[in-house]
Structure formats: structure tokens, C-alpha cells
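Take 1 as the starting number for the sequence shown in UniProt numbering and just add one per residue.
No lab work stands behind these hints, which were simulated from the structure alone. We treat Cβ as the ideally placed atom computed from N, Cα and C, and that holds for glycine. Do not take every clue at face value.
[To be verified] Here are the simulated DSSO-like pairs of lysine-lysine, each with C-alpha atoms no more than 27 Å apart in a straight line:
id, residue 1, residue 2
1, Lys-213, Lys-169
2, Lys-86, Lys-99
3, Lys-66, Lys-213
[Claimed, not checked] Distance ranges between label pairs, derived from CB positions:
id, residue 1, residue 2, range
4, Gly-129, Pro-56, 50 to 56 Å
5, Asp-144, Lys-99, 30 to 36 Å
6, Asp-164, Ala-61, 40 to 46 Å
7, Arg-106, Asp-144, 37 to 43 Å
8, Asn-108, Gly-67, 17 to 23 Å
9, Leu-150, Ser-181, 35 to 41 Å
10, Ser-104, Asp-158, 20 to 26 Å
11, Ala-189, Gln-82, 41 to 47 Å
12, Asp-158, His-88, 45 to 51 Å
13, Glu-131, Lys-213, 25 to 31 Å
14, Ala-85, Leu-150, 46 to 52 Å
15, Lys-213, Lys-99, 34 to 40 Å
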Amino acid sequence: MFLKLCTAICTKCRNFPPVGVARRKHAITPILIPARSYVSGNKGSTGPISHYDLFPSTLQAGPPPKGRFGIDVPRLRKEFLQLQAKAHPDMHAGQDKAKAEGLSMRLNEAYRTLQNPLLRAQYLLSLRGVEIAEDETAKVEDPDLLMEVLDAREAIEDAQSEDDLTPIKQANDTRIEDSISILDKAFDADNIEIATTEAVRLRYWINIEESLKAWEKGKPVVLVH
């Protein structure tokens, strides 16, 4: 198994009440920069356009903290399909076709990111200058977390049937729900420090979820972070 769990520990911790399971003190200290300014995407606008600007109906309030971290995914998908139909390259010609292709790619990437809580959290943090999606130093040094991850790995490897995976999956689903709930509160409160720590934790739980989906009897479990 290749597993790395390491980063500096901050003396601060979540200031939110526990959600579901006991929370432990662990936080990484991100470098914060002011939030980017967002534009509506109207003709003549200047400046960066965020993923949120591409879905004005579903995400009218914009990103947190003005808007909510939680997203109505079915509504987002409906708007995405409507926008994609209008931006389909086959509906345009000449220079407009090239622009439509570019917009279609932007819409695909924005939807893929926003409909996924982990990718959404990583994207929002990147807007604040905190890069953890590909940052191998963005780890949480927490013995309890390490043991939790190792125990889950061992349990998956020891499973003899898919029935044995059921309690492991249920426990991990709870971890994921807890992390998303904490991220929701952190982003709504504009607490980037807590959001950063929890996004890193959620990445571990998602990795375990993927290992459960890829389970094969006797197959080693590799958790790479």
C-alpha cells in the first residue's frame, strides 16, 4: 500500500459543533487571498468568469459566502442540458461555431466540477488561492485519521464477499455526509481554514469509496494521496 498522511498541524480547529461523529483537532493553515471578483458573463463584461456565472438560473447568488455551498444538482443538470443544447457546435457556423465549441467545453467542465461536492470544494478553495486538488503537501497529520483510513483499508482487503463490504460502505457514507455538512457550514461562514482541512479529509473518504467500488476478492487496496 502507498499511503501518505502528512502536513503541519494548526492549533486552531473547527468552531462548529460535531456532526454525526466526534471531531478531532486538526487543521492545515492555508495562504489566504481575497476572493476573486465575479462577473455576470454579460456581453461587454471584463474579468474572470467563474463556473457559477455559467449557470445564472440555478446559481444566481454566486459562490459562497454570498451563495450556498450546497447545490440543487437536479436543477443544475436541467440548466446544464438547456445551455448545452443552445451551445452545441452543430447549431452554429463559422466563428460562432468555434465560440460555441469553447463554451460547450466550459459548460462541461463547470458542471462536472459543481455537481461533485469534493471537486466543488477544491474549486472554491482554488478561487481563494488554496490549491489542494493536485497538491501532495495538502495532507492532514492526524493519528486518529490515519488509523481510521488504515482500518478501512484492512477491512476492505479482508472482505470475502460484497456482503462483507456493506458495513464498511455504510460507515464511509456517514463520513462523507459529515464532511459535506462541515464544508457547507465552513464555506457559508467563509471559514477557509476549516474548509481546507475538511476538503482534504473528504478526499480520503472518497478514495475509500472508490476502493469499495473497485473491490475484488484478495485484491490489495491502494490508497494514494
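Quiz prompt | Hint check against the structure, violated hint numbers in rising order | solution = Violated hints: 3, 4, 5, 9, 10 and 11; rest satisfied.
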